[in-house]
Amino acid sequence: QKMTIKGKVIDAEQKPLAGASVFVAGKNESVYTDKDGEFSIAANSGDKLSVAYVGYKRQTILLTSSSNNIRVILENEENQLAELVVTGALGIKRSARELGTSTQTIKDDYLNQGKTINPLTGLTSKVSGLRVNMYDSKVDPQIQIVMRGSRSLNRTKNEPIYVLDGVPVPTIGRINPNDIEEITVLKGANAAALYGSEGVNGAIMITTKQGAKGRGRVTFSNTTTFSKVMMLPPAQNTFGQGVNGAYVATQYESWGPAFDGTMKNFGSVLPDGSQPQALYAAPTKDNRLDLFDTGLNMQNDLSFSGGDDKSTYFLSVQDVTIKGIIPEDESRRTGARFNGTRKFGKLNTSYNVNYVLFNKNTTPDGPWITAYQLPANFDFTTMRNWQDKNSTANPAHFFTDQQKNPYFQIDNYRDDTRQQTLNGKIELDYQFTPWFKALYRFGYYSTIAETRSTVGKFEGIGQRNVNGSVNDGSDNFRKVNSDLILNFNKDFGKFTTRLLLGQNLRSDYTKAHNLSSANLLFSDLFNQGSALGQLAGRSAITKFRSLATYGEFTAGYNNYLFLTLTGRNDWVSTLSKENRSYFYPGVSTSFVFSEAISSLKNSKQLSFGKIYASYNKTGNNTLNPYSLNNPYSQANGFPFGNLVGFLPGSTFPNPDIEPEFVTSYEAGIQLGLFNNRLNFEGAYVFSDSKGQIFNATTSRATGYASARVNAGRLTNSVVELNLNGDIIRNANFKWNLGFNYTYINNQVKELFEGLESFNIFRQSYANIGQAYPSLQVSDYKRDPDGNVIINASNGNPVVATDPVHLGTMVPPHQMGLNTMVTYKNLSLGAQFDWRMGGWLYSEIVPRMYTAGTHPATVEFNRQPFIYPNSVIETSPGVFVPNTSVLSRGDKAFWQAQGAVQSNTAAKSDFFKMRELNVTYNLPAKLLAKQNVIKEARVSFIANNLFLIRHKDNTYGDPEYLYNDTDGYISFRQVPPYRTFGFNVNVVF
Amino acid sequence: CEKFLDVNDDPNNPVNQNLPLSAKLPAALLSTVNQEAIQLNQLGSFWGGYWGTNSEGINQYFKEKTYDGPSIRHQRDGIPIWENGFQNLLYYQLIKEQGQAEGAGYYSGISKIMQGWTFLRLVDIYNNIPFDDALQGTKFPTPRYEGGQVVYQKSINLITDGINEVKAAGTDATIARADIIFNGSKQLWAKFGNTIKLRALIRQSQTNNQAYIAAEIQKIQAEGSGYLELNQNATLKPGYENTAGKINPFWETYYRNVQGATTAAYDNLRPTSFLIDQYKMRNDPRMAKIYQAVAGDYKGVLFGNPTASAEYNRAATSALRGPQENGNAAAGLLKSALQPLVLMGSFESLFLQAEAAQRGWIAGSAKTFYEQGIQASFTYNEVPTASFAAYNAQPSVDFDQATDKISAIITQKWLSLNSINGIEAWSDYRRLGLPAIPNSLGAPSPAARPLRLMYPESERQTNNAEASRQGGDQVTVDKVWWNN
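These protein sequence lines are chains A and B, in that order.
Following our numbering, the residues of the first sequence are numbered contiguously, the last one being 988.
Following our numbering, the residues of the second sequence are numbered contiguously, the last one being 1472.
It is possible that some hints are incorrect.
As the list claims (entries may be wrong) - Covered stretches of chain A, as calculated for chain B (at least 3 residues, CB under 8 Å):
# : region
1 : 455-467
2 : 881-894
Claimed, not checked - Which residues of chain B face chain A? A few of them, derived with a C-beta cut under 7 Å, are:
# : residue
3 : 1269
4 : 1271
5 : 1273
These are calculated hints, taken from the structure and not from any lab test.
Yeah, the Cβ is synthetic: ideal placement off N, Cα and C, and Gly gets one too.
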């Protein structure tokens, strides 16, 4: 019999709780309490009424016919830390208290605060020890992740393993973030010990959503954001196009005379006989910005979930469309996921399948590289219609033949990708006896990528001619992972024991091939069949396989003292038969002293206290397949007819490569204070990687560009601090503040054959006694006071023979600050990020020196000048201030200065507001009047709203790096941008 | 389990053991000749007085025109002569080792001769370089540098060994096809080896190293094969095809791509006015074969000219002449997309012999060698033989009338090497100051000339202690050892 239940929700101190949610279990009835904590809801006698509020224990009341004016007293949710359950290695849930290692869990709402497209972006600055960098990937947001510093000198091998619902997968960048229930970060090899080599850099464990028993739930969400270019490398706007101070209508470099406000001829005469002209004056704005569009990102999500006594389901679909900041760049990701579970007596089964179709169409890097080199008065707005045969925008008549119209490049050079990802798992879990359970999990992951790069043929004279080309590629990858895990539990009085034995099999297969023609006959027909000359193409097959057996034994005493032992043996296909099997152990312990020490029990200040420590050794194999030999290939036109010609690769091979070993120690403390209002976690980690497998850059005089060696030792000392607290917590108002700090002292201890220094990539080095990677660049020859020495005969600064070491390219200090203020239905969340102590290097700037667009080139008005604070070496070691020798200040001079790399390096320190999110939840009262919508909220969201950089860094966003590098900004990347927009979320 | 893991044999590429020597040597030879004819010839053609840029190309080849050492040594945007040179040396090292293990004397001998060539080249460009420690992989990760003169001597010995190994080699059915320079001719390899050694000895003419030179000349004479003679050119003939990437690279770089469109280098590069003047001064018939007339005249540019005046515009200056401008007949330098690529022309050998004879190092008439050199150059440049007599009779050409015979020889050598082997022209200028090439107008100072290259950035990054030990490293200040 339907009746109206009225009541009031209060806390233990009798204060009313506003905004608590009150609902009838299993029914579509839910309301929120008003400002006096009062509610009114329709229900039947016999229903269960639940009352929930963040930070309090949920209460359920069985309604009787006499229930009315009920008072619900919510108790503070005590010992949150004590009861926490985390997803551990292999996807096995375990009580956080028994972990002797550090983990951190990020729940879906916090993860999705910024409504990111790549779920990993949501981890940025939220997890101590974890460095997440966005890098330029145009309309396909990608990130670089490094946990607790670099363990490998091989810069591509410092990524953690990604585990999706218990199954290792190569990447999770294309997963729908809304499908994620939580991400647990297992920090370092100790936490991820059971993953062995793959877990040496830690593990990122993603758990996707499951349906729950009860009525079905439908969620719809739309997020629309806009992207705007945030910054460009600064350019001068006082001198325009020309050569050696004279205007030249057909030269693009800015070495002409100063802008004078006159009209000047611009390029050559057009077919109709007209001579195009341009205003030779400094523009009032940065014309380059006209090249960049406002990007648009749109996400639409729909999900259904529910379940009954035996089974659950979760179904979601998502569509993400991105229009890039580069005109015509776009991508679209459409995905669907189905997660299900079903019980058959003692057998629990779960399965899921996820399909993602991703399309991307972009232009290569040409347009903006050109833009950085064009004169300041270049008017992009008149250049769009390049098809006009009687325009200076047309490639046949573009004002210079040394560069191409950026809009022609955008239209004519296209890269198209169509990638399908299919992954899924089947998991069977059988409880044989109360103390023995077996689990089998089979995972499959595959991608099929079709790529097509095209260049439209354009017939022109000389350099204006563009050969048409097409390159079709296909890249197929599949990965099979199988785990069999036996789990034994037995308690003996106060002792609990658990033994886990497992076996893993992994097989990766890649097949890629391409077919190209560089000489198409028609401008609009991209097919290899309509081409001149021979086609090019090749295929490559790669196989990797591994086997492992592992075990873990955990013993607990009285639920406050735990000891865990782990061991694993790997067999991998990429090492020689002699070296491919290796074993490694680990041990960890944890002690919940707040429960063990009787005087601490029931302490008002200390709700929970745990200390833990662990030791772990992990064998690691970073070698790619087929690396034990030097492969030969045909190049330079071979074969010519039946004449073959093979050349060896440039890496010195080493068939005797062994696995490397990483030893790590970790100790930490976890405290819950003041009724868990303040949580603190601190950890110290030391890791030592020895016998590293890496591809060492060697002197070319060795005959090889690099050598694959088993040498080198890197140590990392890491301090991690996490502090999270509710500064204000009452019925209407809540203010939460979280802070995390990471300090990583990374040091290179040994290198190959007693060497002191190894070049890693261009300007980055591994130097003994310094952090890896270190930035080392060419610099001027200087006197002991650091003044630049000038060549007295020509005024050119002298370049030092030895490079100068600047510092680490990875910031050793990282801080994340997040805050969430909730007032009634309104909440405001913000995320700040602060990194200090690193260096970066820009490749954009040298080109801008050469093109005369860099501001430094006009500092002395293009006139001969006395180089500031320069000296002349009159005899060896004797320096006198330079008062008379003039430096030329022309193109030759500035191009040479651009080549001195210290001029284009800077500290990468920054402080950034990464995310801002303002959300309004529609009040329960408003929704109570109808039956369709259960919850609704709207949010304003923004990313990268502001950035403070080191004053020397005029190059770009220090976080927004080139192609997965450390501290490297390239002209190839699109400029950094900020996004802002809104989100609507409705639950039915 | 074992079988499951046995998947590490590369299904995509052969490895050393799969490949016979005959599958390796052609690629090594082609790689060397490509480096010589494109990368080295280009730098040498700027610094040896042949090439400049027109007004449109004023910002092209800027680092070459301004002797910008740091930009040239730059790892990314520089000119990787060191890197390519040592890579080529490695190709021969691996062939040499396999050849010696298999008793294949042709292969090991040719590899030694080509290694000698390449080491000498690198000394000419960088001075001190690694030799004994070089090419050993991780055995010497930071190879020790040796003095330029020492490397010169060791390279000459290596070539001597190579000649002997080729001569002693047994019958090899594969060599005629694999040797895409001399088709397995023992005699030509011996002559070629001797000519390289002669070049290396002539290079030392100003070093007061007379006894050594005489002893080495003696060894060449004792060997007995002599030097490359008239029309014995060391050229590469892999069997070029008319498809992208398989065309003669000189053609594809400096003339037309496979579609027939002119290349950027063709559009922007022009002969120097100095070169045109030298041709004109001698009524040289080669000029009309090599270059195109503009309004009935031939017109060059000023090397390193910082100003873009209309006089030196693309359309106002002489571009290279090719078959398309020559009634589809072979022109001087550009004959066909499939023409052989020159490593060393017989004209160079003849002028080397002329100089050696003039210096009294070898027997024979300097005049004869000189005249044969001109004739060989005429032949190469498609000039009819009949024009030789009139040309040779001119006072500006006639050897007998020349007051400075060495200058006459070097000047004619310089004319014959135009755009074919610029590095030799630059080296002769460094050695003798001949001919009197005007300096770049973009030089850092009027007297500053390029003398050698800085050690590359890659070497500074990986072997800096050794590179630093070699002292000064400036393009216009520090010299190679033979440049006194």
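### Task
Closer than 8 Å, Cβ to Cβ, for at least three residues: run that test on the region 455-467 of chain A against chain B and report holds or violated.
Three-residue rule met by the region 455-467 of chain A, so holds; n is 7.
### Message
Can you verify the interface hint for residue 1273 of chain B: is its Cβ closer than 7 Å to any Cβ in chain A?
### Response
violated, 28 Å
### Query
Do three or more residues from the region 881-894 of chain A put their C-beta atoms closer than 8 Å to C-beta atoms of chain B?
holds (count 3)
### Query
Should the interface hint for residue 1271 of chain B be scored as holding, given a Cβ-Cβ cut-off of 7 Å against chain A?
violated, 32 Å
### Task
Go through the hint on residue 1269 of chain B and say holds or violated, using the shortest Cβ distance to chain A against 7 Å.
violated, 30 Å
Comparing the model with each numbered hint stated earlier shows that hints 3, 4, 5 do not hold.
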